[in-house]
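Could you slot chain B onto chain A? The hints should help.
Below are the chains, spelled out letter by letter.
Protein chains: 2
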Amino acid sequence: MALKFELLKTHNKARLGKLHTKHGIVNTPAFMPVGTCGTVKAMLPESVASTGAEIILGNTYHLMLRPGADLVQKMGGLHKFMNWDKPILTDSGGFQVMSLQGLRKINEDGVSFKSHIDGKKFFLSPEESIGIQHKLDSNITMCFDECTPYPATFEVAKKSMQRSMRWAKRSKEAFVNRDGYGIFGIQQGSIFKELREESANALKEIGFDGYAIGGLAVGEGQEKMFEVLDYAPQMLPTDKPRYLMGVGKPDDIVGAVLRGVDMFDCVMPTRSGRTAQAFTEYGPINIRNARHKEDHRPVEEGCDCPLCSNYSRAYIHHLQKCNEILAVMLLSWHNIRYYERLMQGIRKALQEDKFDEFVEDFYKKQAMGDIEELK
Amino acid sequence: MALKFELLKTHNKARLGKLHTKHGIVNTPAFMPVGTCGTVKAMLPESVASTGAEIILGNTYHLMLRPGADLVQKMGGLHKFMNWDKPILTDSGGFQVMSLQGLRKINEDGVSFKSHIDGKKFFLSPEESIGIQHKLDSNITMCFDECTPYPATFEVAKKSMQRSMRWAKRSKEAFVNRDGYGIFGIQQGSIFKELREESANALKEIGFDGYAIGGLAVGEGQEKMFEVLDYAPQMLPTDKPRYLMGVGKPDDIVGAVLRGVDMFDCVMPTRSGRTAQAFTEYGPINIRNARHKEDHRPVEEGCDCPLCSNYSRAYIHHLQKCNEILAVMLLSWHNIRYYERLMQGIRKALQEDKFDEFVEDFYKKQAMGDIEELK
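Chains as they are written, first to last, in this note's numbering: chain A, 31 to 405; chain B, 31 to 405.
Chain A with its partners taken away, still in its complex shape (with noise of 0.2 angstroms):
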């Protein structure tokens, strides 16, 4: 098998696994920190590693760009070229080239845009993207598709996810098994339970390595979400990985998880690194305010990250005041930190059958706030 995947155990529909791929093993529920450019932003690959995060995501439209799919597999693949020994997946491009309003051009064959950072013309489609993928040396390729926007009628969303299941075909011809690689087919369908179902159908007929739930998280909200995920996991066989792209926040993430999702990337930590926001167990703080300038307490008590063990909320407050890259370094590997120690915190409550009492902990925590911004 090109990827193999264990179901260790379940929670009702809470799901324990393991991934084995080339580059080792993913232990499920994953977060995947977001690693656009060959770099997980403001981190070095150790410490990436050192947080436990176990594969990273790449973007197939970014890397084509710049260096470009050729000269990184001359430089060996994705993995020798960034550092990172681990697992990288990387996502097929559809979703940033769809984004490029005014830009591209779709039709059957594929997409036609131009480079965001000097107008210089390019194609992708399936064959392309699967390609593109595997000069990266991707051990998790995804099928080239297309985002359904939000919010579609059901015809335009219909007619979308027939096309993305087309493309999916495609996807799968064009990619070439090898052991410890795989691809995934990814369902479409937007927020209609009768079209998730037809894409889960047409996915499952053509056969993948594990299944990503698309179009969510694109502006419909966690409510409506969560009504998606209510159903949507289910559709996609049970012995395969789930994969929610793009999200989330932690509860989201924990919704999902809730909910039979296995797998989840977000630019979200090392965004919010840039943006002074840390994530702790009692709620996101933003470390600009005020209240940190004297506070010798470190960022969130107990965590063991760089940022926790080594500096006071006045020290990283101090540096975010005066833009110095040591914040955006020190905030993002907090936050992935704080994503890792989540997904750590959900397996072992899964593997300890404690996995209700740990999501009643977590949303009462989270519910709770920094608890000094109540003083």
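Because the hints were derived from the structure by calculation, they are not lab data.
Don't take every hint at face value.
Pairs involving identical chains hold if they fit within one copy or between any two copies, as the list cannot separate such chains.
What the hints assert, rightly or not - Below 35 angstroms or equal to it, Euclidean Cα-Cα: the simulated DSBU-like pairs (lysine-lysine) are:
| id | residue 1 | residue 2 |
| --- | --- | --- |
| 1 | LYS116 | LYS378 |
| 2 | LYS188 | LYS254 |
| 3 | LYS151 | LYS223 |
| 4 | LYS351 | LYS135 |
| 5 | LYS279 | LYS110 |
Chain B only, in chain A's frame:
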């Protein structure tokens, strides 16, 4: 004694020494990375220490504005605040406030100025500056002086130097003696030998733990600077460390060690790290240059820093093109490591009586330039 200095060995004018402070030993000749706002830009303090740096410099002007000396003191001093437990030298703020053209007024008492950040009014004098450096818990306090602009007439340079000498006396008087802490005087006198002599005598009369050579590297060029260094260091006591402020490029440093200087500081390695310049044995290279685009080789063969150990020139070129923070992090780290390797090489050569060979080899390689530029 407040600070103990051991002169271990000399080779012509060059000196090998050891400076003992409360926070540890500084082997000289030493290079001090600059941590302007309580951080060596884009580096964790443990990374700075890993380069071999044994002391860093902090800036009184920047720290008094943000976060303020009282806050740093309240947080346990600068070492604790910024998580750096090795020695710290602070400048006096004099150089920075003198540069605030139009925002400052100087009289015999001191300098009134407005913050470059928010226009808030401040006052610095010898007593104020020494008091701030005390609150920061700096191991090496610098006298508050006037850095004479270049060029200056003999008369202007003389008046300025004489005021600095009166301020040096007040600085010394304001300094609180503590074990493992000390205060350095600063020689002024522009490029006039007679004034340098008068200044040196005035400082020796007051008596300091170390002596800095100020007013150089302010636009006079290397040739004129070396002319002054041909005599100025020898005017200062043999049994105390000599510190050339704000210097410099690698060949400035080697030339100054040859002329009897023991300590250096410069923003160049970190600033260059933010502008894509990397120092190497064969001279600096600019990593943005297209010739690095597909280059598998490290930035500098034989360098043991993380950049050179784990990444190709192609990768750092790519990061730089994408304005990724990791480019700044890795280049700053490499450059500081380059400087500290240079100092380690100088000390080893002095220790082993091979300094002449070292210097010859250094200049030969620097003159060759990065070999690949010649292809």
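How the hints compare with the structure:
no.	hint	in the structure
1	LYS116 with LYS378	within (22 angstroms within a copy, 40 angstroms between copies)
2	LYS188 with LYS254	within (18 angstroms within a copy, 77 angstroms between copies)
3	LYS151 with LYS223	neither (37 angstroms within a copy, 65 angstroms between copies)
4	LYS351 with LYS135	between (43 angstroms within a copy, 27 angstroms between copies)
5	LYS279 with LYS110	both (30 angstroms within a copy, 33 angstroms between copies)
Checked against the numbered hints listed earlier, the structure breaks hint 3 alone; every other hint is satisfied.
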